Structures are given as C-alpha cells and as structure tokens.
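**Q** The task is simple: from the sequences and hints, build the whole structure.
There are 2 protein chains.
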Amino acid sequence: MVRPRSATAAAPAARPSLVDGAYEALKDAIRNNIFPPGYQGSEQEIALQLGMSRTPVHEAIIRLQEEGLVRVLSRRGVVVCAISPEDMREIYEVIVALEAAAAELIAEKPEAQRGLVAAELDAVNAAMAAALARDDLVGWAEADGRFHQLLVQRSGNARLARMFATIMDQSHRARMLTVRLRPKPSLSVEEHHGIAEAIRCGDAAAAHHRAKTHRVRARDQLLPLLTQLGMRHL
Amino acid sequence: MVRPRSATAAAPAARPSLVDGAYEALKDAIRNNIFPPGYQGSEQEIALQLGMSRTPVHEAIIRLQEEGLVRVLSRRGVVVCAISPEDMREIYEVIVALEAAAAELIAEKPEAQRGLVAAELDAVNAAMAAALARDDLVGWAEADGRFHQLLVQRSGNARLARMFATIMDQSHRARMLTVRLRPKPSLSVEEHHGIAEAIRCGDAAAAHHRAKTHRVRARDQLLPLLTQLGMRHL
DNA sequence: TCACGCATTCTTCCATGCAAGCTGGAGTTT
DNA sequence: AAACTCCAGCTTGCATGGAAGAATGCGTGA
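Residue numbers (the numbering used here), protein chains in the order written: chain P, 243 to 476; chain Y, 243 to 476.
Take these hints with a grain of salt, some might be off.
One copy or two, either will do: identical chains are not told apart, so a pair holds if it fits within one copy or between any two.
[To be verified] Derived SDA-like pairs (lysine to any residue); straight-line CA-CA distance at most 25 angstroms:
#: 1; residue 1: 351; residue 2: 467
#: 2; residue 1: 351; residue 2: 283
#: 3; residue 1: 351; residue 2: 465
#: 4; residue 1: 351; residue 2: 457
#: 5; residue 1: 426; residue 2: 442
#: 6; residue 1: 351; residue 2: 466
Derived from the structure by calculation, the hints contain no laboratory data. Model, not experiment: these values are computed from the prediction.
**A** Okay, structure coming up:
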C-alpha cells in the first residue's frame, strides 16, 4: 500500500513506551557504571529488574548495540562493551572531526546568529571558570560538557549533533574516571574563549583550528592516563 | 550475574539471522527505490513478502530507524524517509567533516602505510578515469564511491568508517538520481589524484584541505540540481 | 589424576496471541 | 449540504511459548 506522507515533518511528540524506558534506564546504568564494562547479563534478568517482559528489553538492547554501548552474543547473553585506549583514540579522532566542523559551521553563519551563539558559549564558559575557581571538579566537568554540547547543537546540523551525542555516550565513563586524575584543566577556559571569539569574528578557519587543538590537547592529557591505568579496563 | 568477558574482542563471525536478512533486504529496497521515499507499509505486509513473521521485520526496522532511513509512526505503519535539500546540506556537511578527517589521519601515518594507501587510491582513480573516458557514468559513480569508501576505511578508525557508511546510505538515492543530470565530473579525477598525492607526501593539512574542497565542489554542483528538481521529493 | 563425552540448563531467536490506539467512512443530525 | 459521532478495520506494542544453540558440570574411562 503506497500512500505518500510527509516524512520529514517533525515527530508528533511520541508517547513514552516501555522500550524507551528500558533504553534510557539501561543507558543510564551503563553510563553510571551500575553495569560495569564486561558485565554480562541476560535479557530475562534485566526484564525482571525493570518490571517488564523480555520483548521491550530486547528491542532497547538492539538500539544500544547500534550505538556501540553493548554487544549481544548470540544465545550467550548481552555484554557491556569495554573501552580500550585504542577505542579512546578512535573516539577522540571522531570528536575532533565533528566538533571542529561544528565550530566552523557556526562561524560561517550570519553575524547576528554568530554573536548570539558566542554569547551563549561565553556564559557557559563563565560558569565553568567559576566552578574551577572553587575547585569544583564535578561542576567543571558538567559545564565543560555543556559547552561542547552547545557547540554542536548550535551548528544547525541535527545529524552531526546526533552523531556527536552518540560518540560522547561511548566515552562518558572514561571521562568521568579521569576527571579527578588529570591535572587541573586551567587552560580550558582560555581555549574555550578563543573558540567563542573566533566564532564571533566569523573566522571559520580559526574556529576550526582552535576547536581542534583544544580537543587534541585534552586527548593528549587523557590517553596516557588511560594507558597507565590498565589497558582494557574501561 | 557479573561475569567479565573480553568485550573488545572481534565478533565471532555471527551466523546469519532472519533479522539480518530483513535488514539487508529492506535497506536494499530503499536504496534502489523499490520502496520510494514516502512509501508507507505495515510490518505484517513486509513480513509476508519476506516470508517471515513480524518479529524479525520489526527488529530490522528499529535498526533502520536508528540509521535514519525509515520512521515508524506508532500504530500507523512505517514510512520511508524522504530527503529534502536541507537534509542533503546536513549530510554533505557531515561527509565533508568525516572524509577530510580521514584523509588527514592517513597522511599522518608512517610513510610505508601512506604509500600503500596512496597506491590503492590511485588504482581506483585510474579505473574511474577509464570509466569516464568511455562515457560510462554508472561505472564512474561506482568507482567514485569505491574511492571515497577506501579513503575512510583506510583511516584506521572503524567508528569513523561506520558513521560514514551510515550517512552514505542516507544519501545514496539522491546521488543515483543526479548522476545523469549533473555535468560530466571531469575535475574529479584530478582532485582525487591531488588527495592521493598529499597523502603520499604526508602533508596532513593539504590532504584535509583537498578532500574538503573536493566534496564541497561536488555539493555545490548537486544541491542546486536537487532544489530545482522539486523540493521534498527525494 | 587427567581427559573426554554427555546431558542439563541457560540463553537468544522467532512465531503468535491479545490489547490498545489511530484512521477512515458510514450513518445521523442540524 | 455540512458537520459530527460512532464503529469497524488495520496498525503497532507487548507478552509469552516453543525451538535451537552454547556453555557448564558431572560422570566415566584410562
């Protein structure tokens, strides 16, 4: 039955389903290390824990597998993916590419829009600086995350933003693990400001370059920590 | 039950399942316009056509929805996503970002690896030039696709390659539609060679720039064609 | 003591049944 | 004639049962 429809129209506020609930709950459990990497469980067991039948759990796990968070071994259970330093290298390469592109895209927008976004970024950056000033590392990490999320969300590219969110989900555990270990990220405030400033000026090349070098520096701080922390543990 | 396992180990050659079959069949049908954009059907109907029950079809559709090829409207059927020029802009922005990053990554590898990849790229490029010389547009498109696929696959980043494949799946129909309409892509051979050359020399910045401008040029040829062809039809 | 074979058990995979929701049209009213 | 209500049919959401495969542990043999 062919009946054309507007397929690009916005979703009509999908009602919550058990699948969505299971998906969110599982993702949260993985992000917060309630299901640590390497954890292996059965759908039945998870379904029981969530108070639903196996079906919605199974479908949620398909989505999580598609995003690279878990892997289902045929007839042997589902296992939470571990992240090796090698994985982390891949993840950072993708982050660098997407975020630099996002910064560039924003810098190419008309001045009015650029200025608005730059102001938003500066505001988040100020909150980050404040958290850093009072040695609130968790607050810093939260504001830092908001800054980078804002950067890709204001790029005007929903696909790019979605891909970014997916890859950030994959790396969330590693970031949380190392946030207390690495040296105080005092340079980040400055670098963020540089990105916002390049955007304000409409200098796309500079925005790209600064976003890139900022992430590369962060990666170069984080990767050695992970390697010396034990190869494949997170 | 917590029983740690090697979660990063390679997949043990998963046996084909009905879900995989349905997934591939549906993706193929969408790519080849057997299910045109806007097509709306029921899972039951598709299941009957594929000779299986609704369950594997339902799960395959979840995967396709995750990749942005279809959208399931709750209790109203599943509809094949149309691609607007606006979508195409987003898609090309992502392609540019990923492919430029891939070229850059390859150019940063040791000389031996770089040379090998450059040779592979040149070989595909030669095939492309040959197809162009005999006015074989379909052959050209096929070789062109291989070139770009090779570029991201040799980046050494599986996540990047997977994201690229996903976004290329989304844009496949539009490319096939316009391949006969746009002017003869004679510049592409030259530009591909430039990319391979920059990789051979290990000039990461040049590789990035050339890969980027190549795709931007292609986009600037394609987008106007799509807009004048009718807004939301593909 | 060690190795091998077998059966039990646990797991996903897939089919199917039931329920709830959306759509479209018939029938009625104004 | 227009609009409104209600019902029938079709759709997915979810639960559950049966089947097949994989791993584990036990028993048996040397």
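**Q** Between copies, within a copy, both or neither: which fits residue 426 and residue 442 at Cα up to 25 angstroms?
**A** This pair counts as neither: shortest intra-copy Cα distance 27 angstroms, inter-copy 39 angstroms.
**Q** Measure nothing new, just compare the shortest in-copy and cross-copy C-alpha distances for residue 351 and residue 283 to 25 angstroms and report within, between, both or neither.
**A** Answer is neither: 48 angstroms inside a copy and 40 angstroms across each miss the 25 angstroms cutoff.
**Q** Taking 25 angstroms as the upper bound on the Cα-Cα distance, should residue 351 and residue 457 be classified as within, between, both, or neither?
**A** both (23 angstroms within a copy, 20 angstroms between copies)
**Q** Between residue 351 and residue 467, at a C-alpha cutoff of 25 angstroms, which is it: within one copy, between copies, both, or neither?
**A** between (38 angstroms within a copy, 23 angstroms between copies)
**Q** Pop the pair residue 351 and residue 466 into one bin, within, between, both or neither, using alpha-carbon distances up to 25 angstroms.
**A** between (37 angstroms within a copy, 20 angstroms between copies)
**Q** Using 25 angstroms as the alpha-carbon threshold, which applies to residue 351 and residue 465: within, between, both, or neither?
**A** Intra 34 angstroms, inter 18 angstroms, cutoff 25 angstroms: inter-copy only.
Of the numbered hints given earlier, the model fails hints 2 and 5; all others are met.
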